[in-house]
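Novice: Below, each chain spelled out in residue letters.
Number of protein chains: 2
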Amino acid sequence: MKKNILIIGAGGVGQVVAHKAAQHNDVLGDIHIASRTVEKCHRIIQSILEHKALKRPGILAAHALDATDISATRALIERTRAQIVINVGSAFLNMSILEACLETGAAYIDTAIHEDPDKVCESPPWYANHEWQRKQACKQRGVTAILGAGFDPGVVNAYAALAAERYFDAIESMDIIDVNAGSHGRYFATNFDPEINFREFTGTVWSWQQGQWTPNRMFEVSRQDDLPVVGNQTTYLTGHDELHSLSANLDVPNIRFWMGFGAHYINVFTVLNSLGLLSEKPVKTAEGLEVVPLKLVKAVLPDPASLAPTYEGKTWIGNLMRGSWNGTPREMLLYNICDHADCYRETGSQAISYTAGVPPVAAAMLVADGTWDAHRMVNVEELPPAPFLDLLGRMGLPTRVRLGDADMPLEDALGTDEERRTGS
Amino acid sequence: MKKNILIIGAGGVGQVVAHKAAQHNDVLGDIHIASRTVEKCHRIIQSILEHKALKRPGILAAHALDATDISATRALIERTRAQIVINVGSAFLNMSILEACLETGAAYIDTAIHEDPDKVCESPPWYANHEWQRKQACKQRGVTAILGAGFDPGVVNAYAALAAERYFDAIESMDIIDVNAGSHGRYFATNFDPEINFREFTGTVWSWQQGQWTPNRMFEVSRQDDLPVVGNQTTYLTGHDELHSLSANLDVPNIRFWMGFGAHYINVFTVLNSLGLLSEKPVKTAEGLEVVPLKLVKAVLPDPASLAPTYEGKTWIGNLMRGSWNGTPREMLLYNICDHADCYRETGSQAISYTAGVPPVAAAMLVADGTWDAHRMVNVEELPPAPFLDLLGRMGLPTRVRLGDADMPLEDALGTDEERRTGS
Numbered sequence: 473m474k475k476n477i478l479i480i481g482a483g484g485v486g487q488v489v490a491h492k493a494a495q496h497n498d499v500l501g502d503i504h505i506a507s508r509t510v511e512k513c514h515r516i517i518q519s520i521l522e523h524k525a526l527k528r529p530g531i532l533a534a535h536a537l538d539a540t541d542i543s544a545t546r547a548l549i550e551r552t553r554a555q556i557v558i559n560v561g562s563a564f565l566n567m568s569i570l571e572a573c574l575e576t577g578a579a580y581i582d583t584a585i586h587e588d589p590d591k592v593c594e595s596p597p598w599y600a601n602h603e604w605q606r607k608q609a610c611k612q613r614g615v616t617a618i619l620g621a622g623f624d625p626g627v628v629n630a631y632a633a634l635a636a637e638r639y640f641d642a643i644e645s646m647d648i649i650d651v652n653a654g655s656h657g658r659y660f661a662t663n664f665d666p667e668i669n670f671r672e673f674t675g676t677v678w679s680w681q682q683g684q685w686t687p688n689r690m691f692e693v694s695r696q697d698d699l700p701v702v703g704n705q706t707t708y709l710t711g712h713d714e715l716h717s718l719s720a721n722l723d724v725p726n727i728r729f730w731m732g733f734g735a736h737y738i739n740v741f742t743v744l745n746s747l748g749l750l751s752e753k754p755v756k757t758a759e760g761l762e763v764v765p766l767k768l769v770k771a772v773l774p775d776p777a778s779l780a781p782t783y784e785g786k787t788w789i790g791n792l793m794r795g796s797w798n799g800t801p802r803e804m805l806l807y808n809i810c811d812h813a814d815c816y817r818e819t820g821s822q823a824i825s826y827t828a829g830v831p832p833v834a835a836a837m838l839v840a841d842g843t844w845d846a847h848r849m850v851n852v853e854e855l856p857p858a859p860f861l862d863l864l865g866r867m868g869l870p871t872r873v874r875l876g877d878a879d880m881p882l883e884d885a886l887g888t889d890e891e892r893r894t895g896s
Numbered sequence: 473m474k475k476n477i478l479i480i481g482a483g484g485v486g487q488v489v490a491h492k493a494a495q496h497n498d499v500l501g502d503i504h505i506a507s508r509t510v511e512k513c514h515r516i517i518q519s520i521l522e523h524k525a526l527k528r529p530g531i532l533a534a535h536a537l538d539a540t541d542i543s544a545t546r547a548l549i550e551r552t553r554a555q556i557v558i559n560v561g562s563a564f565l566n567m568s569i570l571e572a573c574l575e576t577g578a579a580y581i582d583t584a585i586h587e588d589p590d591k592v593c594e595s596p597p598w599y600a601n602h603e604w605q606r607k608q609a610c611k612q613r614g615v616t617a618i619l620g621a622g623f624d625p626g627v628v629n630a631y632a633a634l635a636a637e638r639y640f641d642a643i644e645s646m647d648i649i650d651v652n653a654g655s656h657g658r659y660f661a662t663n664f665d666p667e668i669n670f671r672e673f674t675g676t677v678w679s680w681q682q683g684q685w686t687p688n689r690m691f692e693v694s695r696q697d698d699l700p701v702v703g704n705q706t707t708y709l710t711g712h713d714e715l716h717s718l719s720a721n722l723d724v725p726n727i728r729f730w731m732g733f734g735a736h737y738i739n740v741f742t743v744l745n746s747l748g749l750l751s752e753k754p755v756k757t758a759e760g761l762e763v764v765p766l767k768l769v770k771a772v773l774p775d776p777a778s779l780a781p782t783y784e785g786k787t788w789i790g791n792l793m794r795g796s797w798n799g800t801p802r803e804m805l806l807y808n809i810c811d812h813a814d815c816y817r818e819t820g821s822q823a824i825s826y827t828a829g830v831p832p833v834a835a836a837m838l839v840a841d842g843t844w845d846a847h848r849m850v851n852v853e854e855l856p857p858a859p860f861l862d863l864l865g866r867m868g869l870p871t872r873v874r875l876g877d878a879d880m881p882l883e884d885a886l887g888t889d890e891e892r893r894t895g896s
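Chains as they are written, first to last, in our numbering: chain Y, 473 to 896; chain P, 473 to 896.
These aren't lab readings, by the way, just hints derived from the structure by calculation. Beta carbons are placed, not taken as given, at the ideal position from N, Cα and C, and that holds for glycine. Do not take every clue at face value.
Pairwise CB distance ranges, derived in the manner of DEER restraints [as the list claims (entries may be wrong)]:
hint : chain 1 : residue 1 : chain 2 : residue 2 : range
1    : P       : Arg658    : Y       : Glu784    : 36 to 42 Å
2    : P       : Ala735    : Y       : Arg695    : 53 to 59 Å
3    : P       : Gln681    : Y       : Gly703    : 40 to 46 Å
4    : P       : Ser746    : Y       : Pro754    : 57 to 63 Å
5    : P       : Gln681    : Y       : Glu784    : 38 to 44 Å
6    : P       : Ala735    : Y       : Pro754    : 27 to 33 Å
7    : Y       : Val693    : P       : Ala735    : 36 to 42 Å
8    : P       : Ala878    : Y       : Thr676    : 56 to 62 Å
9    : P       : Arg658    : Y       : Pro754    : 48 to 54 Å
10   : Y       : Asp814    : P       : Pro725    : 28 to 34 Å
11   : Y       : Val693    : P       : Ala536    : 54 to 60 Å
12   : P       : Ser778    : Y       : Pro589    : 29 to 35 Å
13   : P       : Gln684    : Y       : Pro754    : 47 to 53 Å
14   : P       : Asp590    : Y       : Thr540    : 44 to 50 Å
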């Protein structure tokens, strides 16, 4: 049993994490929020108080922290007596926060893979370049580290585990599809920091096909799906964290990640990228001023946080899996739909932050009650998926299942499946 | 009879003007080239010598000049004994150079309207805001000032005058069409300084329709024409200098200017403009650096001068006129086609600079021999068009005529027309 949460990172996702932790502080205990900019933590606390989100009276505190400083992070963990650290800060901070957890014994949970600021799209599998090098250390010290416990990676890894465990004898292909069918109503905007957003698309796209890593360019391969509720959507083969653990942990020869982009988004991206305006390398103007083009582009684009109040529509994220069950072919879709405006009303963030921020809190609750307190480093697919998906359903991220002609809530499907399993 | 030429401006057009003046220095006398950056003048002289362009041995000299300084310009005119000044410098210099001509008595020739650096698209008619305010002064002092003697404005004004004089009893509409059907082979580039290029399109588009000034937005109105040699072309209603004198000097109720843009150009322009990246107003990056977006865009785009060596294809500029002749409807097309690679071989500049640079030299030759030495301020349509067009034909810019089913060189048409006229 572990308690007291230290949340590191106070952006849109941090805001959701803090709100959701507050809603469950009966289980989680004290809630501490740390960021290099302490004012952002204070604003989140203000929002939690305004929403009356704390389930019961309890500690809710803001801290200034440079999380690249391991000893400062260690000191804060010790001072707050936090036994669970949720890292939703920059992708550049994972390894130093993990180290502080190793030194203090606190459980570590993050939602995205470590990135080296100087490298765009490292060689696969990405986890092996950084996090997995500390697997042995976690095991020796009995430290729980849950990697990639957002939605994707995170919930989609649990979908994969659930399918492998209960619905298939063999999975031939797993296509993870992530669509934002919502609209921010601006000419163009990125849903999170443009500097990080565009990095995902300017390098090589790696996917796991026929049991090996396959390189593509961004926007080179697309698919069309008629998805429940959000309808016909075009998505593009994209590199993404979860492929790098699922390919190692599951025996599935084809695992691909597809992200939805409108033609307009792709057009703007292509123009900016082709002109060199997404470059991280400085150029000199005729007047002699050195400017990093990407930083100017960031300056002219809307602040992603400013989009939430008027965001409309839904996000759609799920796994389409094909394989066999009892000797016959089977196709299964596990998915979640989330509404931007609902998320904003509840937490002050839109659905993209919400879907990323609720799962690590669910993971923390499962660590707190022991269900997921693995005492080693794991990716989400290595943990029991049903308690996680069940808890998420009650926390605002319900899962639906489409199997054959039926489309139903996960809890019904689990029943059906159990009946089938026992009946067969 | 006037002689000795002072060319102010040493860009791509200045290079063509200097080359062509050198080819006719038997008529024009000494050739002086002045620019704020004297090295650019020296490079042009080098190019003239390499091309052996001087018709006969003569003076060819470079001068450093800040042409906003009227007394310095006056002193240079006096020192060089130039009796004709060709202004192909920045559009911001017209009024100060004109003043120096008024003080010295030198003839003044330019190719584009004066612009105030702080104003984008002033109210029509543009000439009345600046140049025409000096009409009286020119007349009093007997100074010849020929405004807008490039191709458009310039040759297209002569096309208008020729049509009004010889081919129509009444002209109902005049559509001036400017198409660059060539290709520079880059992803995107502007054909001249991006800062000036984009200014043409970010303000209101003024046209002369049904006898009054009509405002539109850029890319709001388009037309399609199947043009001789270059084929089917889409052009867009654009504001342009010549409308502002033709509407005053000719009795034509509809005068419009159409510029050709490919879908790709418009797309890139629209993306950059919509994101605010064409703005002249500085923005501040997250790091606190103040950057004028347009200056960064200029820095990432190819240098226009670098396009000339590999430019392929042709420019097409002409007037489509509809009206009546002897009581029957008539449509007439007067046009020029110019080849980028041919221009580069002859002068080291591509066809866009060539079509703008040859006409002011032809105008200077007509001033030199007295044909166009008007001793007052005029726009090109106020001068006899035939000698100008005839001379241009011999200088590399031949005019063709399409009238009914016939399409022929202008010299043949003038013959045909004369015969018709006499025969009728």
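Novice: Tell me the numbers of any earlier hints that the structure contravenes, in ascending order.
Specialist: The structure conflicts with hints 2, 4, 7, 9 and 10, although it agrees with all the remaining ones.
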